[in-house]
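Visitor: Place chain B on chain A using the hints.
Spelled out, the chains give:
Number of protein chains: 2
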Amino acid sequence: MTNTMSLHQYLGLMLLLTLALSLPLWTQAAEPLPSWADGPVKQSIIEFVQAVTDQNSKDFVKPAERIAVFDNDGTLWSEQPMYCQVLFALDEVQRMAPEHPEWKTEQPFKAVLENDHKALSESGVDGLLKIIGATHTGITTEAFMDNAKTWLSQARHPKTGKPYTEMIFQPMLEMLGYLHSQDFKTYIVSGGDTAFVRAFAEQVYGIPPERVIGTTFTTQFQFEEGEPSILRTPKLAHSNDGPGKPESIDAVIGRRPILAFGNSDGDLQMLQWTAAGPGKRLIGLVHHTDTKREWAYDRQSGIGRLDKALDEAKTRGWTIVDMAPDWRRIYPFDAVTPGQVQQESATLDRNERLSHHATLKAKEPVR
Amino acid sequence: MTNTMSLHQYLGLMLLLTLALSLPLWTQAAEPLPSWADGPVKQSIIEFVQAVTDQNSKDFVKPAERIAVFDNDGTLWSEQPMYCQVLFALDEVQRMAPEHPEWKTEQPFKAVLENDHKALSESGVDGLLKIIGATHTGITTEAFMDNAKTWLSQARHPKTGKPYTEMIFQPMLEMLGYLHSQDFKTYIVSGGDTAFVRAFAEQVYGIPPERVIGTTFTTQFQFEEGEPSILRTPKLAHSNDGPGKPESIDAVIGRRPILAFGNSDGDLQMLQWTAAGPGKRLIGLVHHTDTKREWAYDRQSGIGRLDKALDEAKTRGWTIVDMAPDWRRIYPFDAVTPGQVQQESATLDRNERLSHHATLKAKEPVR
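Taken in sequence, the protein lines are chains A and B. With the first letter of the first sequence counted as 1, position 132 gets the number 131 in numbering that gives the first Met the number 0; the numbers rise by one all the way through. With the first letter of the second sequence counted as 1, position 139 gets the number 138 in numbering that gives the first Met the number 0; the numbers rise by one all the way through.
You can trust all of the hints, since none of them are fake.
Copies of the same chain are indistinguishable here, so a pair counts whether it falls within one copy or spans any two.
Quick list of in silico lysine to aspartate or glutamate cross-link-like pairs, EDC-like style, CA-CA up to 20 Å:
1) K61 - E201
2) K129 - D115
3) K291 - D321
4) K148 - E64
5) K313 - E226
6) K129 - E113
7) K307 - E224
Don't read these hints as lab results, they were simulated from the structure. Quick caveat, the model's predicted, so the values are computed rather than measured.
Chain A on its own, in the form it takes in the complex (with noise of 0.2 Å):
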């Protein structure tokens, strides 16, 4: 390039630098999965949409019946070492202590305070559903999430330093873009508890609250002072595990779902639910096989153990993504695995993708 070029020159470059520029947009609309190795179980995903939303295939569904069931910890986001909720109601009982001063000598509360790991975990179930109904419950619905808000804003996971709603799986977003580019509803069906999901799913997945069932417990409606609230009391009213998945899709949305991936036994009721209705199904399993990149566990995991539906998955043809191989890439701020780069925009930086992500129904597939 010299200081003399002509005004033709000028404009023939401008021409070229535009064409470039376009081109990984373009190379996105072409290619849905780009976080996804190509193989047997991309080319699942995509055979699947393709046959369900093309008008002369005979597996073809109306929009309205494209129902997409997703669950969340391990699924779409790391749940190792601990779900996050349960990271949260633990900082919350710190938070919370000033104004419980009883809870210096009251277990389980005396253990998180104390950072007292062999009392706490003594403690069991019945100890952490004390702690869940002390940080979750006793408050109105807005304030509970306004609580998970701030705690997601601030909270940093204990391995990677980032924050829980950056460790979302990058190949997942694709996934959930590309359903809502061909529009399938998609819902997050999770053990976790509703208002907790809804804190984040709408801005990190672009799920919105109503697309969104977990755990609830019973509310109160309540009228003082002209003012009405709903209050969360401690009383549960359903838990979103195992046949709870398929109970609550039933009530909720009242259509069975036509895709369900999942990555526990926790989920096997959910996806044998879907897998037995008519038509052509899409039933997928993530299987965490990385230990490097993220984590590697199945059988024996305390935390999101897969070890019968990994069996049944195998026996009846469902799709199982080895996450090893089968992601190039885990997360949003995670390099391309080397050797598979193709076509990456690497001037869009993480927060476009992240707000990218967000965007309701993206006309392209998400990045």
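Guide: What follows is chain B alone, placed relative to chain A:
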């Protein structure tokens, strides 16, 4: 018209015919609520929708947050002389009687089978709950919805002789269609059984199952002989009346509506909850004031009592629909009130209108 018409004349005639036939469609687009009489009530609906959908308005609301909730019985269809679902339950007792010889001597079933109004009335709420339990539970959701659909296709209203699904309010259908065309998500929030309302809501109102919220029974996921199913148990999970309505809106939608319509005191808390949110709101009550075309009832009625909510609507300036003057037509099969006739498409028969309403996201207001 002669046999010697030239090609030129013929084409000219075709053009005129085409213009004439397209006129009603054009009129619909310009006039969203044709069965509503001109006046402040109709105006309040149109002004609200325009305010929240105009990007330049200070009251603009993003499409994702355009949530509108409607009671069903008495708000979207007639509820006199008895709730449709109760009549369904009574007819189901008759249908199921051959499988239940014990009912011949067991109340309240004996009273139903013998058409003994006095004994039935004496069995009270407990009796009604037994009848609901026997006819609504102990079967799968799919089987229950099949029963409801079969009954709805055969049953006729005692006064009009019409199917219940035709005794829907034409003005409310137009309002739903208008809201759908403006990217609102409309929900039914009914005291009725969720699955019962889902059995007709999509076909009749264009509201899909996931946007129907009602009273629910606890269900049980079952897996027998390789076939999963959802069994409805007799245990009530949620009573969706009064305070139960905002509670279920919070649980299922997770976002406060900006528009709510009801017709009775059972809707009061839903209206209060909606009204108390920030920003512009539309809160409406259907007041049954038409003895001739429908029914007239309010403070003294056993069905759909409207007393406290009417007082509160007046105090707070909510929109009160005075059915007799405000609705030019009640049902789709009604003629328009004489003297108020506007452009009507006489060639569009009832079935066409109903199927038109069922279009989920009508691009034009439904008629």
